[in-house]
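Number of protein chains: 2
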Amino acid sequence: MDLNQMGQAAKSAATVLGQLSTIEKNRALNLMADELQNKASEILAANKIDIDSAEENGIEGVMLDRLKLDNEIIDAMADGLRQVSSLADPIGEEIKGWVTEDGLNISQVRVPLGVLGMIFEARPNVTVDAAGLAFKSGNAVILRGGKEALHSNIELAKVLRTALKENDFPVDAVQMIDNPDHAIANQLMNLTEYIDVLIPRGSAKFIQMVVKNSTVPVIETGAGNCHIYVDETADLKQAVDIIVNAKTQRPSVCNAMEKLVVQRSIADKFLPMVEEALHAYNVELRGDAATKEVLPDIKLATEEDWSTEYNDFIMAIKVVDTLDEAISHINKYNTKHSEAIITKSYDASQKFTKEIDAAVVYVNASTRFTDGFKFGFGAEIGISTQKLHARGPMGLNELTSTKYIVRGEGQARK
Amino acid sequence: MDLNQMGQAAKSAATVLGQLSTIEKNRALNLMADELQNKASEILAANKIDIDSAEENGIEGVMLDRLKLDNEIIDAMADGLRQVSSLADPIGEEIKGWVTEDGLNISQVRVPLGVLGMIFEARPNVTVDAAGLAFKSGNAVILRGGKEALHSNIELAKVLRTALKENDFPVDAVQMIDNPDHAIANQLMNLTEYIDVLIPRGSAKFIQMVVKNSTVPVIETGAGNCHIYVDETADLKQAVDIIVNAKTQRPSVCNAMEKLVVQRSIADKFLPMVEEALHAYNVELRGDAATKEVLPDIKLATEEDWSTEYNDFIMAIKVVDTLDEAISHINKYNTKHSEAIITKSYDASQKFTKEIDAAVVYVNASTRFTDGFKFGFGAEIGISTQKLHARGPMGLNELTSTKYIVRGEGQARK
Numbered sequence: 001m002d003l004n005q006m007g008q009a010a011k012s013a014a015t016v017l018g019q020l021s022t023i024e025k026n027r028a029l030n031l032m033a034d035e036l037q038n039k040a041s042e043i044l045a046a047n048k049i050d051i052d053s054a055e056e057n058g059i060e061g062v063m064l065d066r067l068k069l070d071n072e073i074i075d076a077m078a079d080g081l082r083q084v085s086s087l088a089d090p091i092g093e094e095i096k097g098w099v100t101e102d103g104l105n106i107s108q109v110r111v112p113l114g115v116l117g118m119i120f121e122a123r124p125n126v127t128v129d130a131a132g133l134a135f136k137s138g139n140a141v142i143l144r145g146g147k148e149a150l151h152s153n154i155e156l157a158k159v160l161r162t163a164l165k166e167n168d169f170p171v172d173a174v175q176m177i178d179n180p181d182h183a184i185a186n187q188l189m190n191l192t193e194y195i196d197v198l199i200p201r202g203s204a205k206f207i208q209m210v211v212k213n214s215t216v217p218v219i220e221t222g223a224g225n226c227h228i229y230v231d232e233t234a235d236l237k238q239a240v241d242i243i244v245n246a247k248t249q250r251p252s253v254c255n256a257m258e259k260l261v262v263q264r265s266i267a268d269k270f271l272p273m274v275e276e277a278l279h280a281y282n283v284e285l286r287g288d289a290a291t292k293e294v295l296p297d298i299k300l301a302t303e304e305d306w307s308t309e310y311n312d313f314i315m316a317i318k319v320v321d322t323l324d325e326a327i328s329h330i331n332k333y334n335t336k337h338s339e340a341i342i343t344k345s346y347d348a349s350q351k352f353t354k355e356i357d358a359a360v361v362y363v364n365a366s367t368r369f370t371d372g373f374k375f376g377f378g379a380e381i382g383i384s385t386q387k388l389h390a391r392g393p394m395g396l397n398e399l400t401s402t403k404y405i406v407r408g409e410g411q412a413r414k
Numbered sequence: 001m002d003l004n005q006m007g008q009a010a011k012s013a014a015t016v017l018g019q020l021s022t023i024e025k026n027r028a029l030n031l032m033a034d035e036l037q038n039k040a041s042e043i044l045a046a047n048k049i050d051i052d053s054a055e056e057n058g059i060e061g062v063m064l065d066r067l068k069l070d071n072e073i074i075d076a077m078a079d080g081l082r083q084v085s086s087l088a089d090p091i092g093e094e095i096k097g098w099v100t101e102d103g104l105n106i107s108q109v110r111v112p113l114g115v116l117g118m119i120f121e122a123r124p125n126v127t128v129d130a131a132g133l134a135f136k137s138g139n140a141v142i143l144r145g146g147k148e149a150l151h152s153n154i155e156l157a158k159v160l161r162t163a164l165k166e167n168d169f170p171v172d173a174v175q176m177i178d179n180p181d182h183a184i185a186n187q188l189m190n191l192t193e194y195i196d197v198l199i200p201r202g203s204a205k206f207i208q209m210v211v212k213n214s215t216v217p218v219i220e221t222g223a224g225n226c227h228i229y230v231d232e233t234a235d236l237k238q239a240v241d242i243i244v245n246a247k248t249q250r251p252s253v254c255n256a257m258e259k260l261v262v263q264r265s266i267a268d269k270f271l272p273m274v275e276e277a278l279h280a281y282n283v284e285l286r287g288d289a290a291t292k293e294v295l296p297d298i299k300l301a302t303e304e305d306w307s308t309e310y311n312d313f314i315m316a317i318k319v320v321d322t323l324d325e326a327i328s329h330i331n332k333y334n335t336k337h338s339e340a341i342i343t344k345s346y347d348a349s350q351k352f353t354k355e356i357d358a359a360v361v362y363v364n365a366s367t368r369f370t371d372g373f374k375f376g377f378g379a380e381i382g383i384s385t386q387k388l389h390a391r392g393p394m395g396l397n398e399l400t401s402t403k404y405i406v407r408g409e410g411q412a413r414k
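Read top to bottom, the protein sequences are chains A and B. Position one of the first sequence corresponds to residue 1 (our numbering), numbered consecutively onward. Position one of the second sequence corresponds to residue 1 (our numbering), numbered consecutively onward.
Calculated directly from the structure, the hints in this document are not laboratory data. It should be emphasised that the depicted structure is a prediction, and the values quoted were computed from it without experimental measurement.
Each pair may be met inside one copy or between any two copies, as identical chains are not told apart.
Below 25 Å or equal to it, Euclidean Cα-Cα: the simulated SDA-like pairs (lysine to any residue) are:
(1) 414 with 129
(2) 414 with 238
(3) 96 with 110
(4) 344 with 409
(5) 96 with 372
(6) 351 with 97
(7) 414 with 284
(8) 147 with 162
(9) 147 with 171
(10) 351 with 409
(11) 332 with 16
(12) 299 with 265
(13) 96 with 397
(14) 414 with 280
(15) 414 with 79
(16) 158 with 80
(17) 237 with 101
(18) 68 with 178
(19) 354 with 412
(20) 11 with 388
(21) 414 with 373
(22) 269 with 241
(23) 344 with 414
(24) 299 with 312
Please put together the full structure from these sequences, using the hints given.
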């Protein structure tokens, strides 16, 4: 199908979808969930085509695992849709309401954005997640997955669309691009007439490619070169526990810790504690010259290390004299995602939270909490690292816009 | 000065500015206001250069008037800054705050966007307005005005910067590009490393040029092809009053009415009332075939008319059978700015406000109220016609982002 036609169809579907009641939207989400489970064997058959061709192409390990679907994963995707149906509907919420000096009643209410574009790599479950969140927030979505998961994605979208079609919901609320050509992705990134916002999901490199090539507004998600700064007043045992959690619990994700910044006055005592704790997880440490004085066996960090998101069992350490130095270092190298201070000093906590420029700034907690579910949003479409529209974990509210409704009794402007 | 250096200087200034207290920011705004009045003769001398060269180039009428400064206008600009100082400071406001299931205290607080780019045509007062609003909201601003007002803009920025510099405020919070080359404007539109958002002000054509050429995120402002729909239940006298106000009070602005949509059952009675009322203001009427049956002397509207923003004493009229037809016509041709229904029907008012896709939707009031001042924001940087980040009149809040501050007691993620 031509992308312009898909855009037009999405826009028409969005018009209908934007007017559905919460009950109707929830019914559709549950029907889509049921259909996923009913059609599990078809989905797994399509997935097998992707897995076979991935293996032929030498894809293995984590990359192959990410592609693989089974009945349990399909059940989890279906449950995900049911969970979205149980979330509060953001649409129609009155955010503010007031009466102006002219006697006009103004309400600012939440409305859908319209048509979302989602462009993503690997994991086919994004198809179902994104379709569910878009649907609940009243938006039509055009999806474009990675070519490795093409057959899985097409089948998943087909199943969701069947559930919509058979129950008289707007079928084009969920559309999947079935042409794996790069040229089509580029066309999608420039389909300004139909797409209100594009949300890329994938590696930092992939997201930067989308940002650079899109004229459709993009919400940048995901890159996280996250720091933890431990000052001289910190509870060092607590600091070690938080670092172990932030670095090792799931190092491949964007809210995992990548860099440790330590105040010089505690370096001699604290750094060996960190080395010992992380040794148990085989974390490779790198450090600046001052760190190497305390931990002589580790590798010297290069300038490149300070800006690198490893997404792996690697961590670089920087020693600083003061909080000011820690703040400038972090503000220089961070990706504006999640940064933490471990301290018992009230003044340091105030200064750090005010001056660090990031979506989420922590005091005495792990950066791993930057997450729509952990924040209590009940959903997550991504973590925005930009400042416009949405910043930090994005739930349903972040997929909405607003409009002002003004009710008068014949007012004209003087 | 090189644009990269300006960007870097703006970013540094923004860091300082973002941490200033409200009292300090207000003091700076008042000092800038005083300095404008103290340096009125220098400003008028610079303005004279622009006026002389405009006259040499054959610029006249409204275009020339827009360029002209006098003592009264300078006083008004200074008072504008003083008024901004009296507005509530958006920075630091806690928008939401809650405790998560893990016992983390989360606050979502307003922070500045960082560095704004303003690119505008003609009127030099935008220099002062934009500088004041940016400063109050904690943002540095890089301004680029039209070449006709180059000397005036440079002098105004110089005066504002003097007030900042002499009082130890970050002088690069306000910077004006003094090179009128188009190439520089293009560079500004792509200065993604330093500029967080670009706000164009000017004609619809100018704004579209900026949207197309920018990789920096743009907030689209201003284009307004505004409709008023009058249904068969309307108080026709009230409808005429609102139409006269919306069409004629200030036809050059974006919230002025451009199109009238009328329900067929009242066309015979209502259209002659409209013609008579607008005749007094020399408004040229154009209409579809059905309108011409009632008002045979008017020009037949073409397809182009339906999507044209005249910004002039011209109005096109469309006759429809039903509310549904009115809504589809408006949603097809409008610029998502301001749309109104005049009705006594509760059902029609509900349907219209729900289904019309626009920043502001009115019942029984003039579209001319779409304005930051009339909305009670105390300021206006523009009217956003896009759905991301801000929609409708933009005041100080719309020049901010947010960050999450998370306070814990050692929490690690399970």
